[in-house]
Amino acid sequence: MNVFVTVKQTPDPNATPKLGDNHRLVREGVELVMDQGDEYGVEEGLQLAEKTGGQVTVVSMGPEKANDAIRKALSMGAESGILITDPALAGSDGLGTARAIAAAVKDKGFDILICGTESFDGSTGMVPPMVAEILGIPHLSFAKKLDVEDGKIKVQRQTADGYVTLETETPVVVTVTGGLNEPRYPTLKGIMGAKSKTVETVDAAALGLDAGAVGEGGALVKVESVEPAPQRAAGEIITDEGQSGERVAALLVELKVL
Amino acid sequence: MAEIWVHVEEDAGAVAPITLEILTKARTLGVDVVAVALGSAAGQTAKLGEYGATKVLADARSDYTEFFSLPAVEAFVALALERKPLAIIFGGSYDGRDIGCRVAARLGVGMAAFATDISVEGETVKVEVPIFGATQVSKKSFAGSGPYVVTIRPKAFAAEAGGAGAPAVEEVSPELPDSSKRVRILDRSVEASEGPKLEEAPVVVTGGRGMGGPENFNILQELAGLLGGAVGATRAVVDAGWMPYAMQVGQTGKTVKPNVYIACGVSGAMQHTVGMKGSKNIISINKDEEAPIFKLSDLGIVGDVHKVVPQIIEAVKAKKG
Ligand SMILES: Cc1cc2nc3c(=O)[nH]c(=O)nc-3n(C[C@H](O)[C@H](O)[C@H](O)COP(=O)(O)OP(=O)(O)OC[C@H]3O[C@@H](n4cnc5c(N)ncnc54)[C@H](O)[C@@H]3O)c2cc1C
Ligand SMILES: Nc1ncnc2c1ncn2[C@@H]1O[C@H](COP(=O)(O)O)[C@@H](O)[C@H]1O
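Those protein sequence lines, which keep their order, are chains A and B. In this text, residue positions in the first sequence follow my numbering: the first is 1, and each later residue adds one. In this text, residue positions in the second sequence follow my numbering: the first is 1001, and each later residue adds one.
So that you can see chain A by itself, here it is in the shape it has in the complex (with noise of 0.2 Å):
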């Protein structure tokens, strides 16, 4: 199978996040990795690949640096990367991304597009769904475990109490839930030989993107202000010296729930 993932780079998830002047995030002197959930992606990319005799490659829109993400993905064991990169797509929102990976993954003949189910900083899952239906194909969300049957795509889709069974075929996009695997860490011998490995490089006009529909102009959500929420105060902070069970029960009678 020809498979391939998206792996996007979002700030290290232990680090306190901090947005600019722009309300853009600041990526600049803060570690970045590849998203979380990316992991699992590329790891159920290539063990889809494994199964089935197939590549992986990786896709990637970002600064110059997201390029870092690409190359942990191919220390992992992708064989290629495509890097979309271009001061052009800076700001884009969930469709301007979305269209510019539908526009670089079209023409290469994948059988499936494997996504984070939503990334860290973005946190709002709209690139895969909006991927798959830009090239008008389906997307099979929230997998939490994924077959390949008779050429077929059959994922268990997880629900609010449960899972779904949903089968398809293929290209496909499938996003994927943390837990499905286990990603794999890259081994000396994967980083050596990533070192080798090619990642082609395209901008907005190689994709032959409209201008106005990506990037910061082509926008449709405008960020107003970001302001602090409210937030709750803390209360009292005891240390057990076994009373605590007595003050719980005391304060669950307070509030009524005995």
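These are calculated hints, taken from the structure and not from any lab test. As the structure is a computational prediction, the values presented were derived from the model and not from experiment. In this text, a Cβ means the ideal position worked out from N, Cα and C, and glycines have one as well. Heads up, a few of these hints could be off.
Stated by the list, open to error - Chain B stretches covered by chain A per the calculated footprint, using a threshold of three residues with CB under 8 Å from any CB of chain A:
| no. | stretch |
| --- | --- |
| 1 | 1164-1174 |
| 2 | 1232-1239 |
| 3 | 1281-1293 |
What the hints assert, rightly or not - Pairs of lysine-lysine, BS3-like flavour, derived with a Cα cap of 30 Å:
| no. | chain 1 | residue 1 | chain 2 | residue 2 |
| --- | --- | --- | --- | --- |
| 4 | A | Lys256 | B | Lys1320 |
| 5 | B | Lys1254 | A | Lys222 |
| 6 | B | Lys1181 | A | Lys108 |
| 7 | A | Lys106 | B | Lys1181 |
| 8 | A | Lys154 | B | Lys1254 |
| 9 | A | Lys145 | B | Lys1155 |
| 10 | A | Lys18 | B | Lys1084 |
| 11 | B | Lys1319 | A | Lys256 |
| 12 | A | Lys256 | B | Lys1257 |
| 13 | B | Lys1126 | A | Lys222 |
| 14 | B | Lys1257 | B | Lys1320 |
| 15 | B | Lys1295 | B | Lys1257 |
| 16 | B | Lys1084 | A | Lys154 |
| 17 | B | Lys1280 | A | Lys256 |
| 18 | B | Lys1197 | A | Lys145 |
| 19 | A | Lys145 | B | Lys1126 |
| 20 | B | Lys1084 | A | Lys222 |
| 21 | B | Lys1139 | A | Lys222 |
| 22 | A | Lys51 | B | Lys1181 |
| 23 | B | Lys1287 | A | Lys256 |
Chain A is fixed; fit chain B with the ligands onto it per the hints.
Just chain B with the ligands now, kept in the frame of chain A:
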């Protein structure tokens, strides 16, 4: 008057809470509230009116339940192109997100996800979206023409009946091309749990990695049982396979707003707290006095869950007599 459409979702044969929450808010916006009910949801018109829909666009065809997502996308696109509502609101739920994103992409319109507030002035729609674990609020507006697509976070509004009563029902039958019947729903599995539903329980007892292992969740089950509550889990616990995903609270899990939330061995990461900080009262137990969860707790107990939780169970039993 401008029209705002609301996608109707069902849950166990009834109108889903998220839909009722959105309708409750929509009826305060000074617009015509139109519920779009596809598939079996088309039979829910009375309830939709009770919560604020003045009109229902109903299509009872079974394609919407036999096939995943795409028929609903086609229906929304066809109806919206013909009738041009100001905005279409979906739940920030599995189905709502899947349909909403595709509708926005097809129409080439702006979309804001996971809003917790929405306002309308004339033809201008504004939304508020919490970011960074709801420590900040991003206020957004739309550029270009509508219909703007918005998804609303569950529990952003409290559902209250109070609509004008029986809505006008218009049967619709948009064309559903064969290409929209490409994803078959083979079966549905429900991971049954005991007691009240997590999202509706008045008390939620959540275990984090500090519980040490799945076997130790028994005491949380016992405590929740005594309090008429439900057990929740952090993503660390779910990813480790200790508990099923249906129990996960947080950004990528459920949003809960119980009367009392008891966090046991939970650090309080922002992706967790975003799903529980709306709780009325928060009690937490953590052995690390620096744990961020204490910053939003009404009562914080620095201690070992393996000692404190059994103490609470004993004291609660004593009170219950
Ligand atoms: C995109 C994204 C989405 C996410 N979505 C979610 C989500 O929906 N829900 C969610 O929960 N997380 C989510 N996370 C993960 C989140 O960032 C945290 O990693 C997770 O919430 C931590 O879980 P935890 O508190 O159980 O574990 P830890 O952070 O490991 O905390 C364990 C705590 O237990 C305490 N402890 C240990 N032993 C004891 C003891 N014996 N007695 C008392 N206390 C003890 C420790 O002091 C510590 O504070 C998400 C992350 C990302 C990147
Ligand atoms: N700029 C990007 N480059 C590559 N993949 C992306 C990008 N933005 C989003 N994605 C993919 O879409 C998923 C969901 O992201 P989001 O829609 O931002 O929540 C991510 O996990 C990625 O797989």
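Broken hints, numbered, in rising order? Hints 1, 10, 16 and 19 not satisfied by this model.
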